[in-house]
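Undergrad: One letter stands for each residue in the lines below.
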Amino acid sequence: MALARLFLIFFVVLTVIYVSLSFYSRARARDRLEAEWDAGDKPGPREAYVKHGLADYDGSLRRKLILGVYIVPTLLVCLIIYLVNFA
Amino acid sequence: MRYIGWTFLIAFWVAVGAFLHYSLPQRDIVRIVRVFEERQDLNDWTRIFWSRPDEQSDGFINRDVQFIQTVRANGRPMVYRNEDTGWSWPPYFKFDTSNLFTEAADATSTRDNPEWYVITHYGWRNEFLTIFPNAISLRQVEGPDASKGIPWVNIIILTTIAAIFYAIWVRWRRFRRARIDPRIEEIQDSWEAAGDAVSQRRGRIRRWLDTWRSK
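Chains as they are written, first to last, in my numbering: chain A, 1 to 87; chain B, 1 to 215.
Please keep in mind that the hints were generated in silico from the structure rather than gathered at the bench.
Note that the coordinates shown come from a computational prediction; the quantities given were computed from them, not determined experimentally.
Some hints here could point you the wrong way.
Unchecked claim - So these bits of chain B aren't anywhere near chain A, every CB distance computed over 12 Å:
| hint | residue |
| --- | --- |
| 1 | Tyr-3 |
| 2 | Thr-7 |
| 3 | Gln-66 |
| 4 | Pro-77 |
| 5 | Val-79 |
| 6 | Thr-110 |
| 7 | Phe-128 |
Claimed, not checked - Chain B regions said to be covered by chain A (calculated; three or more residues, Cβ under 8 Å):
| hint | stretch |
| --- | --- |
| 8 | 51-59 |
| 9 | 92-106 |
To be verified - So the derived list for chain B, only partly shown, Cβ under 7 Å to chain A, looks like this:
| hint | residue |
| --- | --- |
| 10 | Gly-86 |
| 11 | Trp-87 |
| 12 | Ser-88 |
Ideal Cβ positions, reconstructed from N, Cα and C, are used throughout, including at glycine.
Next up, chain A with everything else stripped away, as it sits in the complex (with noise of 0.2 Å):
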């Protein structure tokens, strides 16, 4: 039961954080989008540039990354009781 609470609360605070990072991210990609096609030379309209652009990060290695959000602290967690428990 422990266990159970100490996981509903890791899971909590966590999909807040990863909610969080995971727009923060994407506004921040989209503002770049943005500034590229503002700094000229981008073929097509603004909206099409931004939207493909967008599709793109939906697909990249950095919006993944942000799952690491979960796997770092069980990660710690696993090191801690491994050192604690058994080193």
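Please build the complex by placing chain B on the supplied structure of chain A, with the hints as guidance.
TA: Frame of chain A, contents of chain B only:
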């Protein structure tokens, strides 16, 4: 008003400091004298200074707790409790209490023929509250003057916390300068403008009244 602000600020930082001092690991160099197990009553507020090794322990008003009796390198006694922290706070995830008890029993030595150990622990010893620091691990060292090692865990955690507080503080200050300070100035300006207008009007009325005075 200023004193209230300072009191809150000092109380806040003392609380943060005490919390960290209680939770972060520390190392002592000790000679282990004896290990024992004793029934402890846990039904008053000092319960917060004992662990919750498993679910049942929440309901118990007393239970057996393992202790490690030691003498520190400076000759003063120190008693550690030996309890699982399990999955609860603080996050040491200690499950090897019985193993540590065995290690400690194996490491006892006499005053004439001492063996010295570095014992990692968290928590406080307080004689009035009858609370004990929780031992985490043992490691044998050369002698009472041996190095305890560099506290990397504490360095990393404290640096991270300082960085987080600094980041929040900088952003708050920037926000205040950009959004709140101009508002306050605006209010002050309009207040002063209102004051000027009132005194100007009063001046005009006074001048008008003065025209009725006999010269």
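Undergrad: A separate judgement is required for each hint: does it hold in the structure or not?
TA: Hints, one by one, checked against the model:
no.	hint	result
1	Tyr-3	holds (36 Å)
2	Thr-7	holds (31 Å)
3	Gln-66	holds (16 Å)
4	Pro-77	holds (26 Å)
5	Val-79	holds (21 Å)
6	Thr-110	holds (29 Å)
7	Phe-128	holds (30 Å)
8	51-59	holds (count 3)
9	92-106	holds (count 6)
10	Gly-86	holds (6 Å)
11	Trp-87	holds (4 Å)
12	Ser-88	holds (5 Å)
Every hint, counting from the list given before, is met by this structure.
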